[in-house]
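With the hints as your guide, set chain R onto chain S.
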Amino acid sequence: MLGKWDSGKAILIIYGLAACTAVFAVFTILYQYVAAWSSWQDVVSAFSNERILVALGLSVTSSFATAFLALVFGIPLAYVFATRSFPARNLIETLVVDVPQTFPPIAEGMILLLMLGPASPFHVNLAFTFSALVIAKFFISAPFVISYVGRRFREIRKSGIDFTARSLGASPFQVLVTIYLPLSFREIAAGTALCWARAMGELGGTLIFAGVIPGKTETIPTYISVSSAMTASALAATILATSASTLALVSFKRITSTAERGFK
Amino acid sequence: MTGLSIQGISVGYGAQKVLDQFSLDVLPAQTLVLMGPSGTGKSTLLHAVLGLVVPKEGRIMLNGTDITVTPMEKRNIGFLPQDYGLFPHLNVLENVVYGLAMRHVSEKEREWMGVRMLGLVELSGFENKKIQELSGGQRQRVALARALAIGPSLLLLDEPLSGIDQVTKLEVATQLKRLFQKLEIPVILVTHSPEEAFFFGEHVAILMDGKIVQSGKIQDVLRLPQTPLVRRLLLPFNTE
Chain S
1 MLGKWDSGKA ILIIYGLAAC TAVFAVFTIL YQYVAAWSSW QDVVSAFSNE
51 RILVALGLSV TSSFATAFLA LVFGIPLAYV FATRSFPARN LIETLVVDVP
101 QTFPPIAEGM ILLLMLGPAS PFHVNLAFTF SALVIAKFFI SAPFVISYVG
151 RRFREIRKSG IDFTARSLGA SPFQVLVTIY LPLSFREIAA GTALCWARAM
201 GELGGTLIFA GVIPGKTETI PTYISVSSAM TASALAATIL ATSASTLALV
251 SFKRITSTAE RGFK
Chain R
1001 MTGLSIQGIS VGYGAQKVLD QFSLDVLPAQ TLVLMGPSGT GKSTLLHAVL
1051 GLVVPKEGRI MLNGTDITVT PMEKRNIGFL PQDYGLFPHL NVLENVVYGL
1101 AMRHVSEKER EWMGVRMLGL VELSGFENKK IQELSGGQRQ RVALARALAI
1151 GPSLLLLDEP LSGIDQVTKL EVATQLKRLF QKLEIPVILV THSPEEAFFF
1201 GEHVAILMDG KIVQSGKIQD VLRLPQTPLV RRLLLPFNTE
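Chains as they are written, first to last, in my numbering: chain S, 1 to 264; chain R, 1001 to 1240.
No lab work stands behind these hints: they were computed from the structure. Careful: at least some of the hints might be erroneous.
[To be verified] Dumping the calculated SDA-like pairs for lysine to any residue here, alpha-carbon to alpha-carbon at most 25 Å: (1) R:1074 / S:171; (2) S:158 / R:1159; (3) S:158 / R:1136.
Just chain S, same shape as in the assembly:
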């Protein structure tokens, strides 16, 4: 049956489907600028709106804090997943890495509020604070670091050069620092960039757990959620949020694509 297909037409269909997908994604991202063009003066003046700038500052700082914590906690976890066998490892990895990425953000916020809010059984109350912002963002975006770095760590493990390093006298910690980390620079950078970008866009969990308190917990996404969708200020906030994330991701991709690879 496949032999009867005109391979020229078939590949054109493939290219056509690919083009549709790319055009849809790029057009959606660029449409914010098209929409802003019709009321560009109002949008430009909204960029200097103090409330928006403070929300942007909170978005950026809380996302950087999230990315930092994701590195500090995520890299050791990725190392353990890649190099150790223990009961229920696969299940734990699924719960830590895969489930948060598909977890309903609103549900995440509810659970964090119950666990660490006013009625917390642990006698802590972090609700409606900067820490709540970071915790909510961490749950949903740290898996990017764990996943990217973990995949690379597994490649390194499979190559066996970590065992060679140990045969030369390196302790497991020395192997992590001198072999695993330097050989995973690109994945660490990519995972961190994605973590930061995802944290910048986080809404559901932060809405419920951190609330929307201007100057304290209001981020760009939560500001947009409480603004009317058609206002110039909402559009300005959208442009700020997406432009920052896009710039960060494109820059990281350029930096990391030039790194050397392989073990041979």
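Same frame as chain S, now just chain R:
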């Protein structure tokens, strides 16, 4: 120094036993070639000696010290893996002195030792080259220099010529043999090639199904193979 003594070790993965009550002695300054078809336990034996797997029974003695459960990094065994295991983010000199850096040897001493080791393997002047710039034979020599730089008590080589093209194989093999003759430590060389076994080894041990089926001087084993499997393994040299 008493060399390596493997005493009745059993190693398995799950329910499967790969080495069963396995024993082997290699004296200082002796080169033992360990031969056998794929899947007969050669790699498992190397892993047990290196410390990657712990035997379920038996013990491994190195120069009179029981290293059966000693962590890998404390066994002081030089290891040349089949793919050489060079670190791609380090240059030649950094690779060679890696083990010394892990032992906190001073930078000056590391450099001195690294240059000396590279001279030993006839790669002087290659210190700042990247690993990716080297040929297969050169990589093998860097890996060997790296293994020797730590002053090992035992040298293990896993199929050291498998990644070398036929044209340069003889030259590399000759250099390796010359080097082994200078070493005062036991050397175990694993190969499935009877030609390499004949070239390198005074002594050979034939491994099949986790056991040594015949061992001794290579000429004696060639002359009197004790089983049909040994005869088939040494077929290129068997004139019967």
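Starting from residue 1074 of chain R, check that the Cα of residue 171 of chain S is at most 25 Å away, please.
9 Å, holds
Quick one, are residue 158 of chain S and residue 1136 of chain R close enough, alpha carbons at most 25 Å?
Judged against 25 Å, a Cα distance of about 21 Å means the pair holds.
What's the verdict on residue 158 of chain S and residue 1159 of chain R, does the C-alpha distance respect the 25 Å limit or exceed it?
19 Å, holds
Comparing the model with each numbered hint stated earlier shows that all of them hold.
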